[in-house]
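Protein chains in written order, with the numbering used here: chain A, 1 to 229; chain B, 1 to 739.
In short, the hints are calculated from the structure, not lab data.
Here the structure is a predicted model, which is why all the values come from computation and not from measurement.
By construction, the Cβ of each residue, glycine as well, lies at the ideal position given by its N, Cα and C atoms.
Heads up, a few of these hints could be off.
To be verified - To give an idea of the chain A side of the interface with chain B (calculated C-beta under 10 Å), a few residues:
| hint | residue |
| --- | --- |
| 1 | Thr31 |
| 2 | Arg35 |
| 3 | Thr37 |
| 4 | Ile111 |
| 5 | Val208 |
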Amino acid sequence: MKSVVIIFPGSNRDSDVSYAVEQAFDRPPATVWHRDTELPDCDLIVLPGGFSYGDYLRSGAMAAGSPIMREVVTRAEAGVAVLGICNGFQTLTEAGLLPGALLPNRDLKFICRNVHLRAEAGRGPFQGGYADGQVVSFPVAHHDGNYFADPATLDQLEGEGRVAFRYCDAEGGIAESSNPNGSARSIAGIFNAAGNVLGMMPHPENHVEEAQGCSDGRALFEGLARSLA
Amino acid sequence: MSVAETAGEDIAITPELVAEHGLSPEEHRRMVEILGREPNLTELGVFSVMWSEHCSYKSSKKWLRQLPTEAPWVICGPGENAGIVDIGDDQAVIFKMESHNHPSFIEPYQGAATGVGGILRDVFTMGARPIANLNALRFGSPEHAKTRHLVDGVVAGIGGYGNCVGIPTVAGECTFHPSFNGNILVNAMTVGLVDQGRIFYSTAGGVGNPLIYVGSKTGRDGIHGATMASAEFDDDSEAKRPTVQVGDPFTEKLLIEACLELMATDTIVAIQDMGAAGLTSSSFEMAGKGGVGVELDLDRVPQRESAMTPYEILLSESQERMLMVLRQGAEEEAARIFEKWELDFAVVGRISDTGRMVVTMHGEVVADLPIAPLANASPEYDRPYVEAPAPAPTPEVEHTDPMVALSTLLASPDLAEKRWIWDQYDHLVRGDTMQRPGGDAGVIRIGHNGKAIAVTTDCTPRYCAAEPLQGGRQAVAEAWRNLSAVGARPLAVTDCLNFGNPERPEIMGQFVGCIRGMAEACEALEFPVVSGNVSFYNETQGAAVQPAPTIGGVGLIDDLAHMAGLALSETDDVVLLIGETRGHLGQSLYLREICGLEAGPPPPVDLATERRHGDFVREVIIDGLVDACHDVSDGGLLVALAEMALAGDVGVEIEIAEGGPALNAMLFGEDQGRYLLALPETSAAAVLQRAADANIPAQRLGRSGGKGLTVNGVHTISVAELRRAHAGWLPEYMASPST
Chain A
1 MKSVVIIFPG
11 SNRDSDVSYA
21 VEQAFDRPPA
31 TVWHRDTELP
41 DCDLIVLPGG
51 FSYGDYLRSG
61 AMAAGSPIMR
71 EVVTRAEAGV
81 AVLGICNGFQ
91 TLTEAGLLPG
101 ALLPNRDLKF
111 ICRNVHLRAE
121 AGRGPFQGGY
131 ADGQVVSFPV
141 AHHDGNYFAD
151 PATLDQLEGE
161 GRVAFRYCDA
171 EGGIAESSNP
181 NGSARSIAGI
191 FNAAGNVLGM
201 MPHPENHVEE
211 AQGCSDGRAL
221 FEGLARSLA
Chain B
1 MSVAETAGED
11 IAITPELVAE
21 HGLSPEEHRR
31 MVEILGREPN
41 LTELGVFSVM
51 WSEHCSYKSS
61 KKWLRQLPTE
71 APWVICGPGE
81 NAGIVDIGDD
91 QAVIFKMESH
101 NHPSFIEPYQ
111 GAATGVGGIL
121 RDVFTMGARP
131 IANLNALRFG
141 SPEHAKTRHL
151 VDGVVAGIGG
161 YGNCVGIPTV
171 AGECTFHPSF
181 NGNILVNAMT
191 VGLVDQGRIF
201 YSTAGGVGNP
211 LIYVGSKTGR
221 DGIHGATMAS
231 AEFDDDSEAK
241 RPTVQVGDPF
251 TEKLLIEACL
261 ELMATDTIVA
271 IQDMGAAGLT
281 SSSFEMAGKG
291 GVGVELDLDR
301 VPQRESAMTP
311 YEILLSESQE
321 RMLMVLRQGA
331 EEEAARIFEK
341 WELDFAVVGR
351 ISDTGRMVVT
361 MHGEVVADLP
371 IAPLANASPE
381 YDRPYVEAPA
391 PAPTPEVEHT
401 DPMVALSTLL
411 ASPDLAEKRW
421 IWDQYDHLVR
431 GDTMQRPGGD
441 AGVIRIGHNG
451 KAIAVTTDCT
461 PRYCAAEPLQ
471 GGRQAVAEAW
481 RNLSAVGARP
491 LAVTDCLNFG
501 NPERPEIMGQ
511 FVGCIRGMAE
521 ACEALEFPVV
531 SGNVSFYNET
541 QGAAVQPAPT
551 IGGVGLIDDL
561 AHMAGLALSE
571 TDDVVLLIGE
581 TRGHLGQSLY
591 LREICGLEAG
601 PPPPVDLATE
611 RRHGDFVREV
621 IIDGLVDACH
631 DVSDGGLLVA
641 LAEMALAGDV
651 GVEIEIAEGG
661 PALNAMLFGE
671 DQGRYLLALP
681 ETSAAAVLQR
691 AADANIPAQR
701 LGRSGGKGLT
711 VNGVHTISVA
721 ELRRAHAGWL
731 PEYMASPST
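Extracted from the complex, chain A is given alone in its bound form (with noise of 0.2 Å):
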């Protein structure tokens, strides 16, 4: 199994996430750059968090439009499973590979702390992680993570199967008091149709050994390892 991690200039998570990818994968990630053209052969894409291009405009625009993300949508098209967590999540909004925007949280502030979420039947390569309905906890740290849609593109992707992860309380419920940016219906969490592009806000990565409080996040990465295998 073969993974890429994508390096924007203002990545900050990705060696985060290169640690939990190399964990369940059992070798580190490629790293690529984002002036680069091309993408080596390679099961797994991941998108890190972090500030790409300072996300002084929008965040994620610029980094939807710089040169490796054409590659990144082709592949990603031919069904290379892909993985963008939060600023991640926000450039494949931007690319058009996911659906809806992530909007300024509904405090305006940037937030940073673990929240409870509750996983949704998995999809393609993302299906061996979490069981329907269970409630697992990740950190959240972001300033833009309020998902928004039009309600027609949210019922589709509530149709579909199509929502990964949702805020909740520790036993499961969804309430506004558990929806930490104001996120459309509690979405943290979406996949494209075809299942093989996940975007979501919280980071899994942040949460794959005890010692860092809490390893729930570890399966996700463990699910992916043992689809693409």
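Dock chain B against chain A, hints included.
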């Protein structure tokens, strides 16, 4: 405009102009003596920043020499961009704390943001990758009209910068007092990690070597920031807004990556960030340390605005810029790396053997200054001082119900939970945060073999105001204690000394007293000062801040398996108190918040006792005997116990022997040198035995369990109720409409 005009050569240097530059007539006289002529305006500007209090330490140098700066593990003490300490395995940590008080008051978001940017540069300029940020914030009274706006802006600015750059902000403190109404304190600290073979210094050398400018372009922002930080505020402090710089964390991130990439090659002779006083300060310091000269061509400096004068280019404090001396011939390799990161890169001069700084623009010399007298022979003052009068004894007070007092204290501004703040800081990026904000110290792991560093910032300004000597000791002792309480071996400190106007003898007396106390504590605890910063003139219209010598402490954990946190998470643990409780209420938060009195002497700090108790606690943690540990400081014993219960969401019952001092004095007194330990029954017996053998006061207070906090079976309150008090204050305050 002619060259002569741009250099300001035709502008007469009047006494008014000298005074406007913050220089005394005597300093002007010395300047003329060094030059052998009257300086031109550009040169006057250069002198004024180099000899400003901020850059020259002219009022503080004499006293800073009292601080111990050496230990076998210290690789580099004060004098460089930051201090360096050995952490074994050929690795070192590089760290420093710096103030950005004046700019943050005027423009809180940008002032705080650029404070973070500046301290990051001080650390990565030495070759270290920054791995942790901390900050110590002091605001005015919550009721003051400006406070809410300042808290909001400062916190957002710190987060906005650190989050984007991708360095976790893992610890700090935030307190409130009316003495900060007109001058807030924003002290930012960065810790970086470096391989010992890859440390870079700022000593320029090698005649003919190119001088390289990298980073952002130079604009007109921040001109005379260092001079602003060397004067007190008056009615027009708002008019100083243009001297506050604007931060660009994305460029900083690029600069970190580009510099570290270049540092992995063998091309850099010396490197220095352009901080306060910009290009002037950095080139002078580098050449001064190397005993060489420098030729600087301002036409080659990347500029953001047109028609800038030499005065403006030299004194600009535009952010995210670095100056380097490269080996000859290495320009191309360096340029390639900076092109990759899309940063400006320019050869702006070269090293000479003249010992002078010769600045040219449009082919003409616009400044020609001897470096050694300027860089090394800046003024040094022995300012008159009067020692602070001994505080009056603590008055007798009426005591209230202890649980009402506890919940009031936990909801008071200084003790209330600061989650509203640290939620806005990315404290997890890089994935190595082993203890998050809210504990005694932040902990960041180093690699994956169990090694970690612990970091903290501490100071109790009300103690320093009441009795500077004890306050200075206590600031150091508390930092040392916070590191010991997580099981770390304290290594060294950086300090950020925030005081009022040093030209007033009573302020100088506070400074001298605090330094003396710090020096004693650093000596006794083998906790040397390796870097630091002095910020004077934190006063407005004659009202000074409470003195605040903030201490940033760094400690080493060898094995994360034996680290302690403060959370009381196990039920049926025994709770032990290490240290002696005498019920000292002078300057306590109980006295201030419950009795409405800021009075009495602060608790005395016995340094030998501190050392013995801290060494004992660290040992039992490292030996794996302890489930949780917390030092007892602000608010006293019951507040510390409540913080442990809140962190672990487990209750606790304790017994306090009555018959001595009043119960509330025992519960809320702030006697020093104390720790709470929670541990299983079997370990408790062993720890009590070891304490008895070592003659360390240790007593069994009670047991964890249940959902409430109970004292002597009769005074009780639920953890849930304590949580409402503790967690509620700050978010409610920030959400309420401005007054």
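So, going through the hints one by one against the coordinates:
A distance limit of 10 Å between C-beta atoms decides the matter here; for Thr31(A) the minimum to chain B is near 13 Å, and the interface restraint is violated. At its closest, the beta carbon of Arg35(A) sits 8 Å from a beta carbon of chain B; the interface hint therefore holds under the 10 Å criterion. The interface hint given for Thr37(A) is broken, as the beta carbon of that residue sits about 15 Å from the closest beta carbon of chain B, more than 10 Å. A hinted interface residue such as Ile111(A) counts as satisfied when its beta carbon comes closer than 10 Å to some beta carbon of chain B; here the least separation is about 6 Å, so the hint holds.
Interface hint status for Val208(A): upheld, as the beta-carbon distance to the closest one in chain B is roughly 8 Å, under 10 Å.
The structure fails to meet hints 1 and 3 from the earlier list, while all remaining hints are met.
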